[in-house]
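S.K.: From first to last, the protein sequence lines stand for chains A and B. For the record, in the first sequence the residue sitting at position 86 is 86 according to the numbering used here, with numbers rising by one throughout. For the record, in the second sequence the residue sitting at position 336 is 336 according to the numbering used here, with numbers rising by one throughout.
No wet-lab data here; the hints were simulated from the structure. Warning: the hint list may mix true and false statements.
As the list claims (entries may be wrong) - Straight-line alpha carbon distances no greater than 25 angstroms define the calculated PhoX-like cross-link-like pairs of lysine-lysine that follow:
id, chain 1, residue 1, chain 2, residue 2
1, B, LYS309, B, LYS230
2, B, LYS51, A, LYS93
3, A, LYS104, B, LYS230
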Amino acid sequence: MADITKSPWIMHYDASSCNGCDIEVLACLTPLYDVERFGIINTGNPKHADILLITGSVNTQNQEVVKQLYEQMPEPKVVVAIGICACNGGVFKECYNVLGGVDKVIPVDVYVPGCAARPQSIVDGVVKGLGVLKEKREAMKKKA
Amino acid sequence: MGNRSVIPFGPQHPVLPEPIHLDLVIEDEKVVQAIPNIGFIHRGLEKLVQKRDFTDYGYVVERICGICSYIHGMSYYEVIEHIMGIEIPERAKYLRTIWSEMSRVHSHLLWLGLLADGFGFEALFYQCWRLREKVLDMFEASTGGRVVFSVNTIGGVLKDMDSSMLKSFVDIFQDMDKEIHKCCDIFLKDYTVETRLKDVGILTKENAVLLGAVGPTMRGSGIAVDTRKKYSYAAYDKLDFEPCVAYEGDSFARCLVRIEELYQSIDLIRQAVDKIPAGDIITPYKGKPNGEFMFRAEQPRGEAIYYGKANGTNHLERFRIRTPTFANITPMLNILAGAQLADVPILVLTIDPCISCTER
Numbered sequence: 001m002a003d004i005t006k007s008p009w010i011m012h013y014d015a016s017s018c019n020g021c022d023i024e025v026l027a028c029l030t031p032l033y034d035v036e037r038f039g040i041i042n043t044g045n046p047k048h049a050d051i052l053l054i055t056g057s058v059n060t061q062n063q064e065v066v067k068q069l070y071e072q073m074p075e076p077k078v079v080v081a082i083g084i085c086a087c088n089g090g091v092f093k094e095c096y097n098v099l100g101g102v103d104k105v106i107p108v109d110v111y112v113p114g115c116a117a118r119p120q121s122i123v124d125g126v127v128k129g130l131g132v133l134k135e136k137r138e139a140m141k142k143k144a
Numbered sequence: 001m002g003n004r005s006v007i008p009f010g011p012q013h014p015v016l017p018e019p020i021h022l023d024l025v026i027e028d029e030k031v032v033q034a035i036p037n038i039g040f041i042h043r044g045l046e047k048l049v050q051k052r053d054f055t056d057y058g059y060v061v062e063r064i065c066g067i068c069s070y071i072h073g074m075s076y077y078e079v080i081e082h083i084m085g086i087e088i089p090e091r092a093k094y095l096r097t098i099w100s101e102m103s104r105v106h107s108h109l110l111w112l113g114l115l116a117d118g119f120g121f122e123a124l125f126y127q128c129w130r131l132r133e134k135v136l137d138m139f140e141a142s143t144g145g146r147v148v149f150s151v152n153t154i155g156g157v158l159k160d161m162d163s164s165m166l167k168s169f170v171d172i173f174q175d176m177d178k179e180i181h182k183c184c185d186i187f188l189k190d191y192t193v194e195t196r197l198k199d200v201g202i203l204t205k206e207n208a209v210l211l212g213a214v215g216p217t218m219r220g221s222g223i224a225v226d227t228r229k230k231y232s233y234a235a236y237d238k239l240d241f242e243p244c245v246a247y248e249g250d251s252f253a254r255c256l257v258r259i260e261e262l263y264q265s266i267d268l269i270r271q272a273v274d275k276i277p278a279g280d281i282i283t284p285y286k287g288k289p290n291g292e293f294m295f296r297a298e299q300p301r302g303e304a305i306y307y308g309k310a311n312g313t314n315h316l317e318r319f320r321i322r323t324p325t326f327a328n329i330t331p332m333l334n335i336l337a338g339a340q341l342a343d344v345p346i347l348v349l350t351i352d353p354c355i356s357c358t359e360r
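Could you build all of it, start to finish, from the sequences and the hints given here?
M.R.: Laid out in structure tokens, this is it:
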């Protein structure tokens, strides 16, 4: 998918979120916010995805899943951490089973704070992710 | 005897917004056994109660789940109020009832959408979620939040709704009622939907009792029990309603119960707005809780049980929640055994799983 910069496919994974951000991510795809107008399509297959949206913090059991999903995505790829839990653990930071933000496990490119993150800011985060995707693609071209 | 193999389902799966892992033991195309593996979103929120003040922990309880957030928060404060012996004002009770029913409407519309998406009816998914946005707008107008409201507190509620706002909500729901009818008629009458739902995933009445199903999963199998009616809380004892039941026990029956509940919730909101008394919305309190209490509430997914134990300090000693999905996982495994592999996503969806609640 290295040639695609305008119509990225996104994949969403719920690390250990409370569902709040997840339903807002889904709400982005529905007609009111409609990220599909940017050519964005939600896919369940990491091998088709350009942008990974992660909600919630990581814990010992799901960190392997998050790593695997990230590794299965083709380059260039962008990770958007959605919600304050994905950014740094948020309200769950002190829980015994929470390691912290998603950046403890995989590199994160765009942080979208909020509890729950509003659809507007999620759309904004994804559009910012498009810019990062373009940069990464150009860097890859220079290397090649 | 066909070929036996094991297919992993989840934790990341297109049909699931949340991670749950099932090992499906299949024989040809038929599921023989489903072995669940959970713990992907365990955070340890019950333990956190020992670190947070009892006044602050309510905000954590609301974040157990973003779909059931309102009723979780309300129930936590009900537990504290019962331990401390605080009688909340009548108006606050009605306001809690109205918000509870609004969150039921939003949760059921969300579920109907996910179900439609589950069997590939994307247009219907969009319609359900379009309707749901109207409820979220009303939440935003009355509480300031779309997902987490934090509008409850010990002794009552923090925000009031004036009569013009209440009236406008009833009007919006009146309009929505017609649109919901249009939308839900497709679920009930469309041939393609029927083939996916009717006579699939039957949970018999005996099994529902034996395995301890709750909520719409149980009522879809012909058991007319509703916590709102049985252990009335908030202002439910002053409202007139009967539990919605269906008798077939299949996926269609569970869908039917939730659709009926949508209309019931809208009716309950109408009744509550008619009866809501004027007055204060919060009772001041002093001191710290000491004692224990068990509270039951009807979540959109079924009965949830909350247990709190306080020892007179700033922190509660224990706060335990038995969530409806936890009770519904065993019936789900019963439904899955014997089903076709292609039906598994729909069957998992029909119990309306909320994994965040279950694992906390």
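S.K.: The structure should be examined with respect to each hint, and the outcome stated for every one.
M.R.: Here is what the structure says about each hint:
1. Proximity of LYS309 (chain B) to LYS230 (chain B) is assessed by CA-CA distance (about 24 angstroms); at most 25 angstroms being required, the pair is judged to hold.
2. Between the alpha carbons of LYS51 (chain B) and LYS93 (chain A) the distance comes to roughly 12 angstroms, so the proposed pair stays at or under 25 angstroms and holds.
3. Annotation: proposed proximity of LYS104 (chain A) to LYS230 (chain B) is violated, straight-line Cα distance about 47 angstroms (limit 25 angstroms).
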